[in-house]
Amino acid sequence: MPVALTLLGFGSNVQKVTAQTTENIYEFSITYDALAIFGPVFNEEKNILDVAVLGDSIGDAPFGLTKFDSRTYGQFDDRGTQIFSRFDADPSVFGVEGNLRGDRYFGGSNELFGRASDSAVIDLVQQTIVGGGIINVTGGTGIFENATGLITFTQEDRLTPSSTDGPLTSRGVAVLNFSIRTPQRVPEPAATTTLVTLGVTGAALLLRRNRRRGNF
Numbered sequence: 001m002p003v004a005l006t007l008l009g010f011g012s013n014v015q016k017v018t019a020q021t022t023e024n025i026y027e028f029s030i031t032y033d034a035l036a037i038f039g040p041v042f043n044e045e046k047n048i049l050d051v052a053v054l055g056d057s058i059g060d061a062p063f064g065l066t067k068f069d070s071r072t073y074g075q076f077d078d079r080g081t082q083i084f085s086r087f088d089a090d091p092s093v094f095g096v097e098g099n100l101r102g103d104r105y106f107g108g109s110n111e112l113f114g115r116a117s118d119s120a121v122i123d124l125v126q127q128t129i130v131g132g133g134i135i136n137v138t139g140g141t142g143i144f145e146n147a148t149g150l151i152t153f154t155q156e157d158r159l160t161p162s163s164t165d166g167p168l169t170s171r172g173v174a175v176l177n178f179s180i181r182t183p184q185r186v187p188e189p190a191a192t193t194t195l196v197t198l199g200v201t202g203a204a205l206l207l208r209r210n211r212r213r214g215n216f
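Here the sequence shown stands for residues 1 to 216, numbered as in our numbering.
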C-alpha cells in the first residue's frame, strides 16, 4: 500500500472519531395529569411544608417518561385571599437545614433526575393554584446517562382539600418542556486503526532499507 494512501486513511479515521465527540440534544414536551400533596409541616416557624407532586402522562410520552415524582420544600406567605408560595429542592434557599430533594422522570429504561425551583399563587376564593418554574437536570439513565439540561413547566390545579391523599392536595395539568443534552460516546479505537498504524511503520522501514541499498 502506498505510504500516501496509508497516511490519508489514518488521518480520516482520526477525524471521524473527533467528529463523534459532540452532544446529543433532545427537545420535547410532555403533558401530565398531576397530583400535588402539601404537607406535613417541615418548619412551622417559617411556614415551610414538605411538598410532593406526582404525575402520569396524558397519552404516550417520549422516551417512556410516563411518570414523574417531584419532591421539594414549600414556603407559604398568606396575603388575604391569596397565598404566594415558593418551592425548592434545596432547603438552604429558605434558611433552614435539611436534605436535598429532587425530581425523577421515569416509566421504562430511560430516566431523568433533577432539582426543581418554582413558585405558585393559591387563590382561596377560586380554589385554584397557578404556577411554574424550572428543573435543573442532574443526570439520568438509559439514553439520558450523564444528562444535563433544563426542564421548564407550567401547572394549573384545583384545590381538593377534602381529599384523603394528604392534609391539602390539588389536581391539575402540568406541561413540561424538556431540553436535554448528553455526551456522545467516543468509540474505542478500531482494529483498522492499529493495522493502518502498522502499515505506516512497515512502509517507513521499507523506505529506509531501500535507501540503504541505494547507498551501496
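No lab work stands behind these hints: they were computed from the structure.
Just to be clear, a hint being listed does not mean it is correct.
Unchecked claim - Here are the simulated DMTMM-like cross-link-like pairs (lysine to aspartate or glutamate), alpha carbons at most 20 Å apart as the crow flies:
(1) 67 <-> 123
(2) 46 <-> 78
(3) 46 <-> 97
(4) 67 <-> 156
(5) 67 <-> 97
Claimed, not checked - The calculated label-pair distances, taken between Cβ atoms and stated as ranges, are:
(6) 78 <-> 138: 25 to 35 Å
(7) 24 <-> 161: 36 to 46 Å
(8) 62 <-> 22: 20 to 30 Å
(9) 161 <-> 22: 42 to 52 Å
Glycine is no exception: its CB is placed at the ideal position from the N, C-alpha and C atoms.
We went through each hint and held it up to the structure:
A hinted pair counts as satisfied when its Cα atoms are at most 20 Å apart, and residue 67 with residue 123 does not qualify at roughly 27 Å. A threshold of 20 Å between alpha carbons decides the hint, and for residue 46 with residue 78 the separation of about 12 Å falls inside it, so the pair holds. For the proposed pair residue 46 and residue 97, the alpha carbon gap of about 12 Å is at most 20 Å, so the pair holds. Using a Cα cut-off of 20 Å, the hinted pair residue 67 and residue 156 holds, with the two alpha carbons roughly 18 Å apart.
At most 20 Å may separate the alpha-carbon atoms for a hinted pair to count; residue 67 and residue 97 exceed this at roughly 29 Å. In this structure the hint that residue 78 and residue 138 lie 25 to 35 Å apart at CB holds, the actual value being about 33 Å. For residue 24 paired with residue 161, a C-beta distance near 44 Å keeps the hint of 36 to 46 Å intact. For the pair residue 62 and residue 22, the supplied restraint of 20 to 30 Å holds, since their beta-carbon distance comes to about 21 Å.
The hinted range of 42 to 52 Å is satisfied by residue 161 and residue 22, whose Cβ atoms lie roughly 51 Å apart.
In this structure, the hints that do not hold are numbers 1 and 5, in rising order.
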